[in-house]
Structures are given as structure tokens and as C-alpha cells.
Amino acid sequence: MSLPNPTDPSNSHRYIPNAGDDIREMLEVVGVDSIDALFETIPADVKLDGLLDIPGPWSELETRRWFRGVAARNITSADHVSFLGGGAYSHYQPAMIDQLLTRSEFLTSYTPYQPEVSQGTLQAIFEYQTHQCLLTGLDVANASLYDGSTALCEAVLLAERLVKGKTKVVLAKSIHPHYLQTVRTYIQNLGLEIVEVGFGADGRIDLEALRAASVDAFAVAVQSPNFFGVLEDYDAVAAAAGNVTKIAVVAEATSFGLVTPPGEHGFEICVGEGQAWGIPTQFGGPYVGFMVVREALKRHMPGRLVGETVDVDGKRAYVLTLATREQHIRRGKATSNICTNQALIALAANMYLSLMGKEGLREVALQCARKTAYLREKLRAISAVELPFSGPVYNELVVRTPFAAEEILADLEREKILGGIPLGPYFEGQERDFLVAVTELHTKEQLDQFAAALSAAISRERR
Amino acid sequence: MSLPNPTDPSNSHRYIPNAGDDIREMLEVVGVDSIDALFETIPADVKLDGLLDIPGPWSELETRRWFRGVAARNITSADHVSFLGGGAYSHYQPAMIDQLLTRSEFLTSYTPYQPEVSQGTLQAIFEYQTHQCLLTGLDVANASLYDGSTALCEAVLLAERLVKGKTKVVLAKSIHPHYLQTVRTYIQNLGLEIVEVGFGADGRIDLEALRAASVDAFAVAVQSPNFFGVLEDYDAVAAAAGNVTKIAVVAEATSFGLVTPPGEHGFEICVGEGQAWGIPTQFGGPYVGFMVVREALKRHMPGRLVGETVDVDGKRAYVLTLATREQHIRRGKATSNICTNQALIALAANMYLSLMGKEGLREVALQCARKTAYLREKLRAISAVELPFSGPVYNELVVRTPFAAEEILADLEREKILGGIPLGPYFEGQERDFLVAVTELHTKEQLDQFAAALSAAISRERR
Amino acid sequence: MTTTLEPEAAQKDVAQKSATEPLIFERSRRGRRGYQLPALDVPEVSLDEVIPRALRRDEIKDEVEVSEVDVMRHFTRLSKLNVSIDAGLYPLGSCTMKHNPRINEEIARTPGFAQSHPMQAEHQVQGNLELLWNLEQTLKEIFGLPRVTLQPVAGAHGELTGILMVHKALAKSGNARKYILIPDSAHGTNPASAAFAGYEIRELKSNNRGTVDLSTLEAAVTEDVAALMITVPNTLGVFESEIKAMADILHAKGAYLYCDGANLNSFVGIARPGDMGIDVIHSNLHKTFSTPHGGGGPGAGPVGVSEALVPFLPTPTVERREDGTFFLEFNHPDTIGRMRAFHGNFNVLVRALTYMRSMGPTGLRRVAQLAVLNANYIRARLKGHYHLPYDAPTLHEVVFSDKNQTPKDVHTLDIAKRLMDYGFHPPTIYFPLIVSGALMIEPTETEPKEELDAFCEAMIAIARESQERPELVRSAPHTTPVRRLDEARAARQPVLRWKK
Amino acid sequence: MTTTLEPEAAQKDVAQKSATEPLIFERSRRGRRGYQLPALDVPEVSLDEVIPRALRRDEIKDEVEVSEVDVMRHFTRLSKLNVSIDAGLYPLGSCTMKHNPRINEEIARTPGFAQSHPMQAEHQVQGNLELLWNLEQTLKEIFGLPRVTLQPVAGAHGELTGILMVHKALAKSGNARKYILIPDSAHGTNPASAAFAGYEIRELKSNNRGTVDLSTLEAAVTEDVAALMITVPNTLGVFESEIKAMADILHAKGAYLYCDGANLNSFVGIARPGDMGIDVIHSNLHKTFSTPHGGGGPGAGPVGVSEALVPFLPTPTVERREDGTFFLEFNHPDTIGRMRAFHGNFNVLVRALTYMRSMGPTGLRRVAQLAVLNANYIRARLKGHYHLPYDAPTLHEVVFSDKNQTPKDVHTLDIAKRLMDYGFHPPTIYFPLIVSGALMIEPTETEPKEELDAFCEAMIAIARESQERPELVRSAPHTTPVRRLDEARAARQPVLRWKK
Ligand SMILES: Cc1ncc(COP(=O)(O)O)c(C=O)c1O
Ligand SMILES: Cc1ncc(COP(=O)(O)O)c(C=O)c1O
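Protein chains in written order, with this note's numbering: chain A, 10 to 472; chain B, 10 to 472; chain C, 501 to 1000; chain D, 501 to 1000.
These aren't lab readings, by the way, just hints derived from the structure by calculation. Treat the hints with care, as some may be off.
Keeping only pairs whose Cα atoms sit at most 20 Å apart, straight-line, the calculated EDC-like set for lysine to aspartate or glutamate is [claimed, not checked]:
hint: 1; chain 1: D; residue 1: Lys1000; chain 2: B; residue 2: Asp30
hint: 2; chain 1: C; residue 1: Lys999; chain 2: B; residue 2: Glu273
hint: 3; chain 1: A; residue 1: Lys307; chain 2: A; residue 2: Asp148
hint: 4; chain 1: C; residue 1: Lys561; chain 2: C; residue 2: Glu526
hint: 5; chain 1: A; residue 1: Lys342; chain 2: D; residue 2: Glu700
hint: 6; chain 1: C; residue 1: Lys999; chain 2: B; residue 2: Asp148
hint: 7; chain 1: B; residue 1: Lys324; chain 2: C; residue 2: Asp986
hint: 8; chain 1: B; residue 1: Lys453; chain 2: A; residue 2: Glu71
hint: 9; chain 1: D; residue 1: Lys999; chain 2: A; residue 2: Asp148
hint: 10; chain 1: D; residue 1: Lys999; chain 2: A; residue 2: Glu273
hint: 11; chain 1: A; residue 1: Lys56; chain 2: D; residue 2: Asp748
hint: 12; chain 1: D; residue 1: Lys705; chain 2: D; residue 2: Glu718
hint: 13; chain 1: A; residue 1: Lys387; chain 2: D; residue 2: Asp684
hint: 14; chain 1: D; residue 1: Lys744; chain 2: A; residue 2: Glu49
hint: 15; chain 1: A; residue 1: Lys453; chain 2: D; residue 2: Glu544
The calculated label-pair distances, taken between Cβ atoms and stated as ranges, are [stated by the list, open to error]:
hint: 16; chain 1: D; residue 1: Asp775; chain 2: A; residue 2: Pro18; range: 44 to 50 Å
hint: 17; chain 1: D; residue 1: Leu972; chain 2: B; residue 2: Ala46; range: 57 to 63 Å
hint: 18; chain 1: B; residue 1: Arg389; chain 2: C; residue 2: Ala621; range: 25 to 31 Å
hint: 19; chain 1: C; residue 1: Arg821; chain 2: B; residue 2: Pro411; range: 29 to 35 Å
hint: 20; chain 1: B; residue 1: Asp244; chain 2: C; residue 2: Leu540; range: 25 to 31 Å
hint: 21; chain 1: B; residue 1: Lys425; chain 2: A; residue 2: Gly59; range: 41 to 47 Å
hint: 22; chain 1: D; residue 1: Glu807; chain 2: B; residue 2: Asp88; range: 43 to 49 Å
hint: 23; chain 1: A; residue 1: Ser468; chain 2: B; residue 2: Pro411; range: 54 to 60 Å
hint: 24; chain 1: B; residue 1: Glu304; chain 2: C; residue 2: Ala621; range: 55 to 61 Å
Bear in mind the structure is a predicted one, so any value in this text is a computation, not a measurement. Note that CB positions come from ideal geometry on N, CA and C, so glycine has one too.
Could you put the whole structure together from the sequences, leaning on the hints where they help?
Here is the structure:
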């Protein structure tokens, strides 16, 4: 089979500048007579004798046709009213942010290894770190982790490094199920043991069980608002956990606008997912994991840290620091294997937090909480609807009907409502429950419509 | 009625940084105790005593809801297959261009009056001017005019300045009707006379009538491809016009990729509309008018010109030049009143022309012409369809059926086809004709579908 | 604070060889490709059957061959040679360089707007017509005038439209008249537009406050005068307090009052042109209503008119039916005609309406208030350092002169160039013409106090430098990608295009 | 040519006070607002009924109060302190900084993708599943391996995923073993990932060609060895020609061959890991497949595996039914489990597939060809000027050292910093560790020849300066927004956040 001749203009590609003349001139300088000659170190018996069997090359027009066609086979909040949450929330996205993010200098730059030509990225990370500290009430934040689930993994591993000899970590059952699954994966070969503590009728962690489980553990982790949307009582949890490392997980980051920060209640570590800060839900990623810790833990921190310093002229500047924690220096003994992180999403979060600011973050949280409370009352008024958990919620709640959640949700979908997330797959015995999230994007009309559609669905099922 | 207090934070607006503290500090420096005091030169009897009666202020969320709702009340090529042309064409828009255009340094900069801090804009205009010269075969292009119709007005006025005493301009009836109407508006008080010359069975200008009309005229203007999509014979037109100023109008600018340039056929001026260079049709604007002239005419050119020079270090640089032609210097005697032009669209055109390049511009034109020829044959095969004009076309043609164009088009619309532009409103006797445009965006399937839908529509009308 | 540093040390962004970017034509290399199209899917018949040989060209000689990467690099680097409002104060007097909200850009790109076609049937573009109708309603309220045309695509285009209407109206009543009165402080487009509308210009001298005396006007308004074209507030930023009296004088003689609305930003929501007796006004939406300048355009220049001029509006107009549907009305027998193909700069109008809705009545009022406060703050801070040729109270802008600096042979141009070293775009210079060595400063309402302070401190530092190190100022700028240009050479031997 | 100028004179973009941009917190002023929300439209019940007092906070102390303008200015100015691939060569070895096509960004923003939710029911997201399925098919063909997981969100995440699979597979067959072999030339994430997967690391010494001798490997592969983690081509750019023999040695002992695919760009479409006997490989889509680096992420690190490891893939996998519909398969009893919540960095995967389709089979092959030609061109031009510690033939990158410069006390760091004055981002430095003072240069295929020439001339000029004006190089950079930083101080007294 004949392969394309690199110097023939008909084989030029728009993403690859050098063409016929360039290639000829370069080959001459290199001193070989063909590009193939440069690949002689690859043994013939592992070389392809033909081309890969994949589609393309496509023009932008063909690319648009195919991908838009595929995207059109999704049903999304673009054409439905969505009440989906469960760790990914639809919030207001300020128009400015995406246009700033796509600036070449942010979008197409690399990790700021060379501070003199990367001050933009470095200062922005320093600001992001500061926002995280203000929101969580803790002292030191890193430059980002992959997402909320892996941030929890890193937190558990950090906590484990703090105490020698202990192998048990206590995790609330009401932490996002994906997060729990991810932790299990991460620690599977590290000789650690996970104890899960369940929840009570209020949807909060069982404090008695927690107290018992914590005794010989190295860490305890709870999520608040938890997977059921219920707010944990940080003080009570801290008291029950005693003096093990306490990890707070926050998967709905707009809650920081209204909910008391874990740092003020004896928690040493707060990790979570920053997607709620105006990041698109985009089927789960890219998002941004955050970790904020007490001052004393900073040298155990995984991931990158940006610090302030000065240049030779005494001018303030920012730089990656405390690198001896990291893989490129410490290699096998590093605090984490993370290298590439979620920088651009952390930058988007910084922009969101700055634009909304002190007042905006509070107002977003207030609107979420108030609209959720409004819906909660509307649902209470529907006789066949049960709200299984009595604890206080932020912007998400569990709804129970006499029927299988999937059937009710299918019914709502016909009304162009994405009504929630069925809990059956994650919690046995909760096959009739589903999780409903409300944000500032929902109008009163949409909430009323949801309640109406739900009771209609129930009566339909009745027949 | 009480007006909002400027220093109250609840009256702060996101687009207006200075708030309470700032305002108080500034008032103190200015030495007045209220902002109102700064408006005392506006007599009380012309001041509003209340607020304007207009909607808002809206948040971005409310803005998105309303405007998207309004946009959804349009039917467009976003959801229909469109064959609309008539001076506005849907061509391939490279993804890169819009993202470059929205860079702050291009989008939010002003006219490059200060060259030392505007070299980006200036060099880009210089490049744009060069592209125009290469495409038209003429010598000097300006930085842009409002659009094709006003560019024709400026060309007529330029030609008028060249010869003293003559008051007659000859315009082809087959020039875009909006362009002709605009010229009439522009010259209404200038003591000039327009003579329109009709077209023959081939859809081209009537050369005999043209020869006669040109005798005592100061200029002749023809459009090619003309409003019917037919290509004029530049040489024949030039010969018939004799030694008056000859103006070529080009409303479909991708035709330059394949059609011989007017500059090589005795035309002194080429003006037209650059929208076809990948600019969205966006209901008619913003577009970009271009004007390119012979060297000898350059000091008569309307609008801005960028020239090359050097700085004090001898470094090559670009600057606005020959400004003595312009309103800010020559005032009442300027070559035009234009000030703000269409710079950003001219920049988009420069990007498009550079990206497509020599080969791409030709391929676009070839695909337009070949696909149009293909459709033309398909339509010929439909017995009830007539193609009234026999002249050669580029990418647009007039279609005639036994029925009113509006009825046929309404029929096609039901098939989600925007089938064309009815000619009845512009040319009496052509109530059964409509104008159909084809570009590289149309697939063979869509062309076949159009032909099929058209004959189906005709048979339906028959019943 | 920048002024405590040598600006040469202070003003640095990272550079990636931008300052030496070649022309795109100089980047061209044979065989490079920047595009790809889907393969032709119709039979490839002989080209002669498509378009006759004689009408074709074989190639576009010397056009470029570059890759997508080359184009991305080229324009990214060029962009880095520009300043922008997003990066800092851009105090060009008379230009109203304000913040350009990005929601406007997002809305303008809504497919339903961006992909709508100007020749579509009315029933297919009800959304667009509804939008245009709403924009006219809003501008009517802002102007205090009964109708507004949205066709003009720039201020100058609006001026021509307005004066053509005046001409037609007067002609209809028997005599189109000969002259347009224009104060000597006016912008160049005013006389130019008046001339293209078929009039001769008579210039009015400003008084020592920079405004027009009623007596001067009275004397100038003869039976031959069609209109007065006046900028309110004028190009010094001074409001013509006797505007109503001026209107009366003109109306008494059957003449019209045209207002150049370029400075509307100074009184939007505070007072309305219609209430001042103004008959015609254009507004530069790319100034007062925040549509981006794009390096020189596009803009939009809608024109509002009084009852007397309504019959002469350009066609078509957008009208609303009882049933709430919209249509284009072409039947205006006295119309001046069409000012441009299609519907004007529609997608600029979309941005402007987005902005008006984002501001609302309270926001627009606040625009004028802060624009005026910001300008007066600069005036107060710089007054001691720069000469103020007219000390009448000013609104949204302030005009200084170089009188204090000329003794040291430092001139307005030098001050402007030196500002660049401090990281600021200069003000408008040498305009208005009635001020010799004018420095015309308009900050707009979107400047934060700290930016105004930094600018004032730079200006003050330059005033000091002009005394202590005049040569430093005279030889500025020192930190820009290119330094002062030989503009004479550009005009003497014009090189207006690249040649192989 | 920049090298004929003093770079200080050559490297200038316009600056707008960016170099002195304060922290966003320092821009905060009481009462400023950057946002607006629609008014609350539900009854405003007492807050205590919504959330109990004890669980609430009253304010976010010290959070900012800034306007939209402040935010736009701030981040626009910050951006100007960064270099970017769009503006020039970014030759970071091992990072594959290539052109980021904007069509990828456009497609990723398609509402159907951007607004889809990770917890939606399968029937609602058939489009997403189809896309993931297609991407896996394409990567399978590129790798020459039977299955690929798309869950890992970065290279290191992929490494952990891969080694966990190896561990589980070995454990299943009775003994998970103790060690992972890693050459001394490896990237730091390799040992780190192996450690977090539960293994100890044994380092393999490279030979004088920078590669691993079969004998060295043979000796190291004991019954306790789980796998060899090797980078192909290695971090010197040298291809391990005996890779198949290595695989045989490992397989004979029941161990696995893990390939760090960070350097896939050098042979994509030319050869396939699966055909080399590789059992596991991750690919950094943000390198080889052009998804933007975003200042440090996000990325994606899909992992391909041989048949033996398929049962251990993370769950869920995406599968296709007879009828062409798609579903998520959770039923893999031997899975290592879930590596991350949801479906990985989905919208990074969308960009990568967009790129793969834009390149196609011919384009991907051309990627490797030109990446290797560009690197060898630089190698040929700089060979006389910089010391080449390993002169084995290299593919997509070349590693020099500072040996020729150290006699003048000019070191790799100095050379790197001096390059900034010439407008270039430096190469990767001091990696791989087996080269003292390494300068690791990877141009990628998206660099035009003229950019490579300018870079080489800058490097040559610096080599000359190192002899003639070493202090000039030692004190570089001179033209950047900030100059050399006191990094020791940053680590000694860490200031990791702003405080009021
Ligand atoms: C006072 C004044 N009038 C008229 C104009 C012309 O407006 P445009 O540039 O939009 O044509 C300008 C703009 O510079 C101006 O400042
Ligand atoms: C050779 C090599 N291996 C692994 C990695 C880690 O990949 P990532 O940064 O995507 O986690 C890198 C990236 O720097 C690399 O260059």
C-alpha cells in the first residue's frame, strides 16, 4: 500500500505549517533524504505498513455536522427543565467568564514552571487559593485537584500520613456514592480499611455509630450538604469524632455562601467539588477539586501551591513553591502523583467568585435555599409525596412517592422535566426515592410546574 | 417622585465601578456636595423629574431569557435549508475567526489614531487593503466603507468629482435594487441624474442602450455577478461605455476566486460587499463595503487609508495617511463624511482571506460554481420550470414557475426549505420568478431535495 | 504607583516577538494550507461548461499560502500591539470609550439572530422585527421624540439622514434653503454631512465660554438657513444652557435644530433632546450604548425626529399590528428613501438593546451621573497642572491645552506620546479646533477611581517632566512597539499595499 | 531577525500597566457590585425556617466587592503577563505544546454536550455514549489494543489506573508481587503512581545511549517484579529499539509492560504500542491530541490494555447494542473499580475526538513525521553550539546540556531565562535527571520553519553571549514583567494566600 508523500501540497494539513519547500530545506540541513530515514530506530516489524483505520481527515464543516448530530441525540437542560444535582449543579454562568477563559494567554499556556513569563497564571492561582481559604475558614489551599471524588481520596491519604500505625478511615454513607467508590479504588492496595457510618431519620450521620467507629480511626469524613441535600451539624460530628483528623466534603460549593464553614468547627481538612461555581455540568468534567487545610498540614498538601515572593528588583511576584512535596522532586515518596491538574477550571472559579463577590455569593446561596424551601412546602402539600429526611437542607432534597422513582421520572420527562436522580441504584430500600436539586436558575413558575407535574404523575400511576 | 441615591450600594451597577465610598471621596475633591450639583448647567425645565419609562435593569439571566425568546421567533438557516442570496450569502465560517475577533485588543480598541499603540489594527488594515488589490486587479483599496450599497454611492460621488460639468450617471437595472435605491437617496440634492439601463434575454446589460446612455455620462456602473446571478462581459461593457469612469460592483465577493478581475478589463473602480467572506448574514449587518481604485484616483478616495512608513529608529510601521481627504481635516470639502467604518468586519475578512488563501479562495468559488451548475441542470430537467436568463452564472440563478413565486416558496417552507427571493416586488412582470443561491455549504443531497421539493410544489399548485 | 517608577521600568507585558511580526504575505510559503473543505460531491463537469474561459481567472496572483497555525500566530501577535478598553482607561474625548459587556457579544451570536437573512419574508423574521420595534420604542423614550429610524450605521450616516430629511421637509414646503449653521467647535463630520446633503456651511463663532451666543445665532438665522447643527453638550463638554431659546429662534424662522448626539452619554436619563426643542438627533450607539468600537467600527447611528419630520423618515419602517405581529411599512410617499441596503447594522442594534435592558432607567441615569463625576474629578485634579482654556462648567469631558508646557517647547503631541510610556492611551488631541493644542479627556462612567488617579498622577508627572526633562517628553514614546512615526513620508510617498 | 538586535529592543508588546496589577482582593471597594440576579420570586420566609441559625454564617469575611469592569480589567491584564502557544513556540520537552485548534473549543461548547448532566439516564445521553464509544474505537486502533478506558483525567491518573489493573491481575493469579521497575530517565509521576498503587520502585540504570539494556532488564526481572514502566520513546527522545524483546523478557516472567505514552506524538500512526508487546499504555490527550493545557490542566489520560487486563478495567464501560443504542456496563466482577466520579473529563474527550477526526489517518501520520523532522532540524542546527550528552538518534525531542557553557559559569537556568529576552518560552530544564543541566527541546509538528530558525538563532546568540558577555546571560531575564524570583524565600517563609 502506498503512503502519502509528505512534500506533495495535496497532503498538507492546516494544523501542520511546514510543507513541500520547508520539508526539503529542512531535510537538507538534517542531512537525510527522507523523513522515513528519521524513523529507522523503530524496528520494521513494529511499524505499520499502512495507515490507521480511522475516519477523517474531516473539514470543519464535516466535523460540525457529525458532532452536532451526536449532541442532538442528548436530552439536556438546553431543552428541558432540569432538577438534577447529585454533585453537579446548574448555576448562573456569567457571560464574561468564558470569553476571558478563551484568551490564548490563559487557554493555551502550560503549567507556570517559568514564573517570569507566567505571572498571570500564578497570581490567579494565588487568588484562587485565597478564595478557598475565605470560603472554608481554613488556612492553606492548593492550586486544584482533579475533582471532588479524587480530592477526597487525597484527603484520606493525607490524613493517613499524619498518624503512624492507624489503618482505619470512617466515611459517612451519605457521602456521594461515586466519591466512596473512588476512595475504595484508590486505597485498595494500601492496607487501609474503610468503615461506613449510616444515617438517621433526619438524613444526618448516625452520631452514636460515628463515635464508636472513630475510636481507632485516623480520619473521619462527612459531606455537608450530604448526598441527600441534608446539612450535617459540624459541631456534633466533630465532638463525636474526637481527635482524629476531620474531613469535610462539600460537593455543592455555592453552599459556602450561607452555610457555616467547617474550619470554624474543628475540621482540619475541607475538600470538595468546585463545579457549582458556574462551571457547565458537561457530563461530569472537566470540573475542579479543591483542598484546604490547617496551616500545620501544609507540607503534607498534595498538588501544586503558589506562593508570594519578590524578584531581584524587590518587586512582588508569585511562584510555584514547596515543590519538595511533589512527584517531580520526591518521586516515589511524593505526597501525590498528581501533575496536570484542573488549572483552567480553577481560573474560571476564581473569576466567578470575584465577579459574584461577597454579596453575590450570599445572594446565590440565599436564593437556592429559599427556592428549595418553597418547593419543599409545595411538595409537603401533596398527600402521596413523602420527604423521607427531616434534617435541614440547602438546595437539594429527597422525594418519595408510592411508585418506583424511574416510573415517576419517566412520566415527568414527558412533560419536558428532568425530575431528579433515582436513589435505588445506590441505596437499597430507597427504590421509591429520588433526589431533586433547586438553584437560583429555577423560577417560581418552574417550581409550581414541577409540583403540579409530580402530583399528576402520581395520580396517573394510581390508575 | 424620589430618584435613586447614587451612594447607596443597592443602586450600584455592575458596569459602573465607582460606588458609595468612591463617590463620596471624589465629590470632596471636586468640591461639590452632590452629583446633581454637576448638572446645574442643564436648565431645570428640560430636566426629567423622574426616571425614563423603559424596562430594566435586567440581570444576564433575564436578558438571556428575553432575547433568546425573541430570536426563537425567527425562522432561519439554523433550522431550515436556505437558498437565499441576493447580496447576503451563507458561506463557510472558520471557527478560529470569531475567537480571534473577540480578543479585547481587536474588539474593544478605537480607530488607530495613535499609531504607536495601534500597530495591530493598522498592519491588519494594510493587509486587508492588499488583499482587495490582489482580488480586484486594481491598485489602491481603502480601509472599508459601510456596506456594498453605500460603497456604490461613494463610487458615484468619486467619479463625479473627476469630471467637471457632467451630471449623468448610468446604472445597470440589474444592480441590487437596494443599492440603486440607496444611490438615489444619496444623490437626491446634488443635481445629478441617474439613467438606468435594462437587460436582455441573457440577463446581461443591454449593450446598445448602454452605449447610447454613456455618451454624456460621467460614470457607468454594472454589477457582476449581477442581481440575477449572471456574469457580465466586462470587456464588452467597457467597450460600450467608452471613456467614462467605469465602476464594477461585486455583491458576491467569493466570485473573485474564479471570475476575472474588473481591473484587468478597463474598470477604474471596483466597489462591493465583503459579507460573503465568511461574515454571518445577521439580518443585513454589520457587513463591510470595499472600494478599490486605480492609482491615479487615490487622492479622491473616500474613507481611511493606511500607509507604510518608518519610526524614528527606522523600523517599519503603519499609519493612517492622506488624511487631508477626510472630514476631520477637510470638513465641508472632504471626499466623504465617513468616520466610523466597519473595521472589525474588515479584519474578519482579512482573517478569512488569509486562512483560505490562494487555493482556498479558488476552491470555494469552484465549488459554488459547480454546485450551482449541477442544480441548474436538475432544474432544467423539470418541465414546468423555466430559467428565464441564458447568461452564464456564478452561484445564483433566477427560477420561474407557472405560479406566483410567493406561493411556491411558501410550499417549500413547509419542507423546511427557504427556497429563494421573489423578484416581483423589484421587477414588474417577474412575479413568477425567484432568485436561488447555492454555496459550498450545500450538499448534493440538499440540491436534489430542493429540485424534488420544487417539482412537488408545482404539481401541488397544479391541483 | 507607576509615577514613582521610571515608566520604562513599569510598563512591561511579556512579549513573544510581536514587535517584529511580518506581513501575512511575507509569511506565505508554497504548499502551505490553512483550510479544508468537504470533497466536491457533484459531478466534476468541464469548467468551460460552468463558466466560459474568457470570464475566468487562472489564479489570484500573489495571494497567500499559510497554515491555520500561521494565521493564529499572526493575528494573536498583531493583537498584542494594540491597547484596549478591557486593559485600561482609553480617555479619547468625544469617543465615549466605555466598558463593552460580554453579554452583548453572547446575545448577538444567538443563531436565530446571527443566521437570519435580510431578504427573508416578514413572517419568517418576526423576532427581528419585534427587536427593532422594541429598540425604537426605547430610543423614542430616551430622545423624547415620536419616531426613530434605525437604518443609519454610524453617526455621520445619521447626520446625512437627518439633514436629508430637513432638506426634503423644507423642499416640500416650497424652499429647501441654502445653508446649515455649524459652530466652529463642531466635529468634521457635521459640515461634511451637510455638504453631501446639498447644503453650504456657515460657521458660527463660539463665545468665550465655548458656547454659541443667542445674538450670534439670531444674526445668522436668515430665510436661507435650513438648520443649525449643534453638539449638545458641545465638544468642550459644555452644555448649551440656552438650547430651548435657540430652538425658538430657529423655529420662528422655519428652520430646524439638529443635535449631534455623540455626547448623549453626559445627560442620558437626566434630560431629553425632545424636551429641548430639538427636531433631529442621531445617537452613536457605539458610544453611549457600549457596542464595541472594533478598531474603528462597526457602529450604528439611529436618528430620532420630531412630528414635523416623521413623514420623511427612510423606508422601510417597522410597525406593529393590533394582533401583536410586526411588518415593514414601505408606503411613506414623502420618504427620503433608503439610506442603506437591508436593515442597517442589525447585530450592532441587538448589542445596544441588550445594553439598554441591562441598564434600565436607573442604570442609564447612573451612567450620566458617573460619567460627569469622573470627568469633573479629572478636571479638579489636573486643573493646577494644565491650562484650562475655557473654565465654564463641563459635563462628561474636559478639554485642557498645552499652554503651560509650550514655553519649554513641549506640545500636546509630546504629552500624548509620553502618556503611552505610563501605560495609558492618550486623550483626543488638537480637537476641538477652537482650542490650540487641545487635550480632550473623556473617562466615561466605567472607569474606577483608582484608574483615574493613576492617570492623573501620570499626567502630573508629565507636567513635571515637561519642566525638568522636556527632551524626555519630546522624544516620547520610549516603551512602545514602535516609536514616533514619519507620518510626512507616509503621505509624501504613499505605500498603501504590499507588493511582491 | 531578532538576533541582530539587542533583544531588549526587539521584545515589546504594548503595555497597559499590567506589570503592576494588584490582587483582586486589593481592588475591592465597599459597595461595588459585579453581578445581578433576578429578584427573588418566591415568598421571603424567615431565614431561620430555611436554615437554622447555628448552621449559617453571616458573611464571607474579606471576600471581594468589585464591579464587572474591575474583573474584566484584572484578568485581561493578568493574561498579558503570560506567554501562550498562540503567540509563539513553547518548546517544553515532554509537554507536546502544539497548536490548539479553535474548532475543538466550538464543538465542546455545543449545548447538547455542555449542558448534559453526568447523572442522567442512559436513554437521555445516547449522544454522549456514542461519542465516548467512538473515541474508544479510535484509540483502540491508534494503540493497537483491544480496550481503552476513558475515565482517567490526566497522565498520572492513567498511570495509577494502569498499575492498579496490573496489581489486580497479578493478585487474581495468586501474587500481586512487590516491585515496579522504572528507568532512571522516567518522569516523576511514574514512581509516584506506582507507589500509590501499592508497589515499591526499583530504578533501572540507562546505558550510554540513554536506553535500557536487555541485560540490565533481564537481571532485574525477578519473580517479585510486577511490571516495567517505561516511556517510549524515552525522555531523551530515543526509541527503545528492543522494546519487543523487553516485552518478551517480562512476559516470560509473568510481568507486564507498562508504557508511559506521553511521547506518543513521535510515532502516532507510524507504529502501535500493541504491536510492540505493550500491555498497558496511557495517552495524555492534552499532549498528543491537542486539547489546551489551560495553564496546567485540565487534561485526559485514557488507558489502553491488552486482553489479559480487560477484565480489570474501571467501571462503567461504554458498550454498544445490536440495535445501535449504547449503554453503561457496570457488571465487571474483577474491575479495579471507579477512578473518578462520573465519566472523566468528558469535554476534554470531546475536544480530542474532534482533533482526531480533523487529522484522520493521514494527518496523524503527518503529525509524527513533522514533529520528528522539526526536532531533528533543531538538533542539527544547535549541535555545534550546545553539548549533546547522548548522540543516539532521537525522534520528537532533543536534549542538550549546558556543558559547553558551564566553564563560563553560565548554566542551564541562565540560558533558559535569557531565552525569554529573545521572546521565547524556555525548553524543559533539568529533566531528565540523567542529564546534568538538561535542556529538553520539543518543538512539535505545529511550528513553522521560520519560527524554528528564529529559536535556533536565539539559542546560538545565547551560546555566543555565554562566551562574550556571560554576566548578561547570568542576570537574565531583563525584559520580562518580573525578573528572577527569590524562590528560596517563597519556600522558607511560605505566603500562600492574601490576608487583610
Ligand atoms: C462629536 C462627534 N460627531 C460625530 C461623530 C461621527 O460619528 P461616527 O464616527 O459614528 O460616524 C463623532 C465620532 O467621532 C463625534 O465625536
Ligand atoms: C513523560 C511524562 N509522563 C507522565 C506525565 C504526567 O502526565 P500528566 O501531567 O498528564 O499527569 C508527563 C507530563 O508532564 C510526562 O511528560
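Each hint, compared with the structure:
For the proposed pair Lys1000/D and Asp30/B, the alpha carbon gap of about 18 Å is at most 20 Å, so the pair holds. Restraint check for Lys999/C and Glu273/B: satisfied, since their Cα atoms lie roughly 17 Å apart, inside the 20 Å limit. Note on Lys307/A and Asp148/A: the hinted pairing holds, with a Cα-Cα distance of about 9 Å set against a maximum of 20 Å. Between Lys561/C and Glu526/C, the direct Cα distance comes to roughly 14 Å. Compliance with the 20 Å bound is thereby established for this hinted pair.
About 10 Å separates the Cα atoms of Lys342/A and Glu700/D, which keeps this hinted pair within 20 Å; it holds. For the proposed pair Lys999/C and Asp148/B, the alpha carbon gap of about 10 Å is at most 20 Å, so the pair holds. Annotation: proposed proximity of Lys324/B to Asp986/C holds, straight-line Cα distance about 10 Å (limit 20 Å). The hinted pair formed by Lys453/B and Glu71/A meets the criterion: a straight-line CA distance of about 14 Å does not exceed 20 Å.
Between Lys999/D and Asp148/A the CA atoms are separated by roughly 10 Å; this keeps the pair inside 20 Å, and the hint holds. For the hint linking Lys999/D to Glu273/A, the alpha-carbon distance of about 17 Å falls within 20 Å, and the restraint holds. Simply put, Lys56/A and Asp748/D have alpha-carbon atoms about 18 Å apart, close enough for the 20 Å limit, and the pair holds. Between Lys705/D and Glu718/D, the direct Cα distance comes to roughly 13 Å. Compliance with the 20 Å bound is thereby established for this hinted pair.
Only pairs whose Cα atoms come within 20 Å are accepted, and Lys387/A paired with Asp684/D is rejected, the gap being roughly 65 Å. A C-alpha spacing of about 16 Å is found between Lys744/D and Glu49/A, which places the hinted pair at or below 20 Å, so the restraint holds. For the given pair, Lys453/A sits about 12 Å from Glu544/D by alpha-carbon distance, which is consistent with the 20 Å threshold. A beta carbon spacing of about 31 Å between Asp775/D and Pro18/A contradicts the range 44 to 50 Å that was offered as a hint.
Against the hinted window of 57 to 63 Å, the Cβ-Cβ separation of Leu972/D and Ala46/B comes to about 59 Å, which satisfies the hint. As the Cβ distance of Arg389/B to Ala621/C is approximately 27 Å, the hint placing it in 25 to 31 Å holds. Between Arg821/C and Pro411/B, the C-beta spacing of about 32 Å keeps the proposed range 29 to 35 Å intact. Between Asp244/B and Leu540/C the C-beta distance comes to about 30 Å, which sits within the given range of 25 to 31 Å.
Checked against the given bound of 41 to 47 Å, the beta carbons of Lys425/B and Gly59/A, roughly 42 Å apart, stay inside it. Taken as a hint, the range 43 to 49 Å holds for the pair Glu807/D and Asp88/B, whose Cβ atoms sit roughly 47 Å apart. A hinted range of 54 to 60 Å holds for the C-beta pair Ser468/A and Pro411/B, which are about 57 Å apart. Range check, Glu304/B to Ala621/C: about 45 Å between beta-carbon atoms, so the 55 to 61 Å window is missed.
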